[in-house]
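Enquirer: Given the coordinates of chain Y, work out where chains B and U should sit on it, guided by the hints.
Chains as they are written, first to last, in the UniProt record's numbering: chain Y, 1 to 258; chain B, 1 to 330; chain U, 1 to 326.
Keep in mind that the hints are not guaranteed to be accurate.
The calculated lysine-lysine pairs, modelled on DSS-like cross-linking and capped at a C-alpha distance of 25 Å, are [said to hold, decoys possible]:
id, chain 1, residue 1, chain 2, residue 2
1, Y, Lys123, U, Lys188
2, B, Lys167, B, Lys222
3, B, Lys233, Y, Lys73
4, Y, Lys73, B, Lys167
5, Y, Lys123, U, Lys40
6, Y, Lys71, B, Lys167
7, Y, Lys71, B, Lys233
8, U, Lys40, B, Lys222
Quick caveat, the hints were computed from the structure, so don't treat them as lab data.
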Amino acid sequence: MIRFSNVDVVYPGGFQGLKGVDLTIDKGEFVVIVGLSGAGKSTLIRTINGLVPYTSGELTVGDEVVDPTSKGKIRRLRSSVGMIFQSFNLVTRISVLNNVLVGRCSSTPAWRSLLGWYRAEDKELAFQSLERVGIVDKAYNRASALSGGQQQRVAIARVLAQDPEVILADEPVASLDPPTAHRVLQDLRRINRELGITTIVNLHHLEMARKYADRVIGMRGGEVVFDGPVEEATDAAIEEVYQRSLTAGDAAPESAAH
Amino acid sequence: MSTPAIEAPARPQKPRPAASAYAGLLAAAVGLILFFLWSSTSTLQLDIGVARLPLYPILGALGVFAVLALCWRARTGPLTALGALAVIGVTWWGGSGIGFTLAPLWEDFDRGWPIIQEFLDPSWGFIWRVWDQWVVTLAMAVVATGIGCSVGLLLAMLASPVSSPSKPVSQAVKAINSVIRSIPDIGYGLLFVAMLGGTAAGAGEMAGILALIMFNIGIIAKLTGETIDSVDKGPLEAADATGSTLLQRDRIAVLPQILPGYSSYSLYVFELNIRASVVLGIVGAGGIGSTISVQLSHFNYSNISAIMIALVIVVLIVDYVSLTIRRRIT
Amino acid sequence: MSDSSSKTPQNPPTPGGESQPTTGQYKPDMLDARPVKPSKLGYNIALLVLGIVFIAAISATGADWGRLVQLPGNMVNYFTLMGQGVAQPLTAEVQQHWLSAFDNMLESVQIAWIGTVVGALFSLPMGFLAARNMTPLPLYVVVRFILSVIRAVPEIVFAIAIMLPIFGLGPLAGALALGISSIGTLSKLISEAIEGVDQGPLESARASGATQVQMIRWAVLPQIMPEVIAIWLYRFEVNIRASAILGVLGAGGIGSLLSALFGVRAWDRIGITLVVIVVVTIIIDQISAWIRHRVIHGAPKKEARAARERDDSDGVGVPPAGAHPI
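This is chain Y alone, in the form it adopts within the complex (with noise of 0.2 Å):
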């Protein structure tokens, strides 16, 4: 499905972003990227929709090569590609259902984006996206009304009103409280296991990332340095990971989790 290899970014500054990451990721996964602040689990991810151009190597998304320099390639990469992002980046002064509509951007025509007439299927689809992360009752609120949590599931529907084959997910809940970002990281992967749909979420937490992924990357310095089954991320081999001993920080407060 994605398949990374010997992939390098430099940033225009020189700032080595990724360092020959090489990297499959099969259809229908869910794995979540730890490391630490800086570690370039952002740019991994950002890599995969071209907001990050990559500078050697290869990249492939579904059986086509990801290219950074043609505009046209990358905008229909993007439309089967969604992504969540830590501040939701909602336009809050627009109703919820319109930032759902967003999603939809890529298939609707120019005239009909300028004049905010979508089409009734695309409409259809944005309801289904909102029922489906259960907020539909807020579809024509102000999107500035809504809580971090409920805003995150507005970033969700309108991933899911994309109709993407892969769900990027930078720090989705790192603004978050602990009881919401379970909801969101539970709906998330719901919705992985429901539709089928490639997941990809950077996570600080380890134990949320122990409690929701598949598949467990570790990266440091732009590398990965451990790439498993959930089941092989013991604390010996994130400390690994992290290079310092495991801290209470490191354990997201499971108390008041569902």
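Expert: What follows is chains B and U alone, placed relative to chain Y:
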């Protein structure tokens, strides 16, 4: 004072700007004063008995030393002090250039008093006699605001790196915008009156509208451009990640964010238009200004006074209405 | 999250979600009832009214829209003339034209600067009097009213009504008219800056028994000064344009030159003058914008360092908002 003496560690001294920097500043000050003496064209002299000294350079020198002493006392950094000196210098340059003096206030007050008296006695009846010109003025302002703000929004979108298709486009449109903005409304008024003909030729309104449109584009493009520059980039990234085109991203992620600011700038521009139309009328573009121009040429100050009172009232009403609308928008 | 009740199992899930999801397969249960679309009637009526006002205004201006047809042709003609004026070889006479345009522009700058200084001197005390958190209510209301009247009056009115009769036709009258009309806007903006100050230092100053003057000097002024300087500079930029307006009345500067040139239709010199206006105004705007930025954001070195630190905290080129927990 019975506080026992504590073996205190050395307290940090308040940092003092380097004396060498202030020596440099002193040199700059001397240079400035020499400039005052050299460029002074004023004939005003200060008689101190022994000699007669030129008044303006002396005032300037006093200002320079006062500022320098103040900066030294307050221990401002050398750069700020240099800025203060520069302000004194520019003010002196401007003041002597235009021959600044307040003397006419008591010397020539009698000459101006009759005119001011006429102003204080407005002919109220005149307000209603020119109501049709008011309608024209307001209508011109509405049309110019509508067109100017639409074009301005487009140019602002093209100019901001956030929403522009490419860097060269953004740079080019930015340059165009600052050229448009740098010509004052009166310049546009003169230009369009000359090109189309003024009130006398029956084209005053058209010229006025065009001048106001250019004036509006300049302001809206600047203010809205700054708003676009500072929008939350998150939704833009999200729109990018869904594979939207630039146009879609601008419409869906940028426009909703700038809409409150943009609307309130548009209302602000509408107010400015009413004020500007006074000036434009004087150079031959239509509206209430042309009435003022006619009355001015007849030295009919009490009529002008009436129009101006009406103008203040109209502007205050528009100000109030737009404030209410702005409150509802944001 | 507060709405834990809204979470219900959603069955049956759309099988094979990657195929185009179709309606009908999905059966929402009661808790998933879709909300009714809120009415947009008021919004639509407002839009409609706006449209009607705009169309009515077009006809009410009495403008002769047919004249627009001849505009492009005229523009080409006159712009060619102006371009020729700008591009003509620098003979002694042409040089004189450039110099006189430049001199007049400098005079406009002088008028604008003195006007700004006069306005600035009055605006600080007036700003304090117009700030709600500094002034008792009755005084505040009176000062606010005076300021809004000053703002409503165009500078040209001050020039005609007060300055010309006493100071006569000339740059001084222009500068003073600009100064008075600057007081209105400057004081309002400054009063808003004062109202927006951080209340903490104010309260601690009050708690330690500071007088009003001490409070202003040590708790308010340090907070607002950068903003006030930026406001003054911004007004200077505005005044440069406004001084051209007063020039038309004969207050000197670039406006007087421009209206004289238009009077005789000397298009080549008009072109030269416009170029001088554009260049000088843009240069001054740039300098002023640089100083404003510098005053508000501090030295550029510091900023660059802060930006680098931001980048370092996060290995990603596009730093996501919010701090990282690790």
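Enquirer: Within 25 Å, alpha carbon to alpha carbon, are lysine 71(Y) and lysine 167(B)?
Expert: Holds - the C-alpha atoms of lysine 167(B) and lysine 71(Y) are around 16 Å apart, at most 25 Å.
Enquirer: Hinted pair, alpha-carbon criterion (25 Å max): lysine 40(U), lysine 222(B). Please report holds or violated.
Expert: violated, 32 Å
Enquirer: Within a Cα-Cα threshold of 25 Å, do lysine 73(Y) and lysine 167(B) meet the stated pairing?
Expert: Measuring from Cα to Cα gives roughly 21 Å; hence the hint holds.
Enquirer: Would the hint linking lysine 233(B) and lysine 73(Y) be met if the CA-CA limit is 25 Å?
Expert: The hint holds at about 23 Å.
Enquirer: Decide if the proposed pair is consistent with the structure: lysine 123(Y) and lysine 188(U), CA atoms, cutoff 25 Å inclusive.
Expert: Measuring from Cα to Cα gives roughly 47 Å; hence the hint is violated.
Enquirer: Assess, step by step, whether the Cα of lysine 123(Y) is no farther than 25 Å from the Cα of lysine 40(U), and give holds or violated.
Expert: holds, 18 Å
Enquirer: Between lysine 167(B) and lysine 222(B), does the CA-CA distance stay at or below 25 Å?
Expert: Distance of about 18 Å is within 25 Å: holds.
Enquirer: Does the alpha-carbon distance linking lysine 71(Y) and lysine 233(B) stay inside the 25 Å limit?
Expert: holds, 20 Å
The structure shown violates the earlier hints numbered 1, 8.
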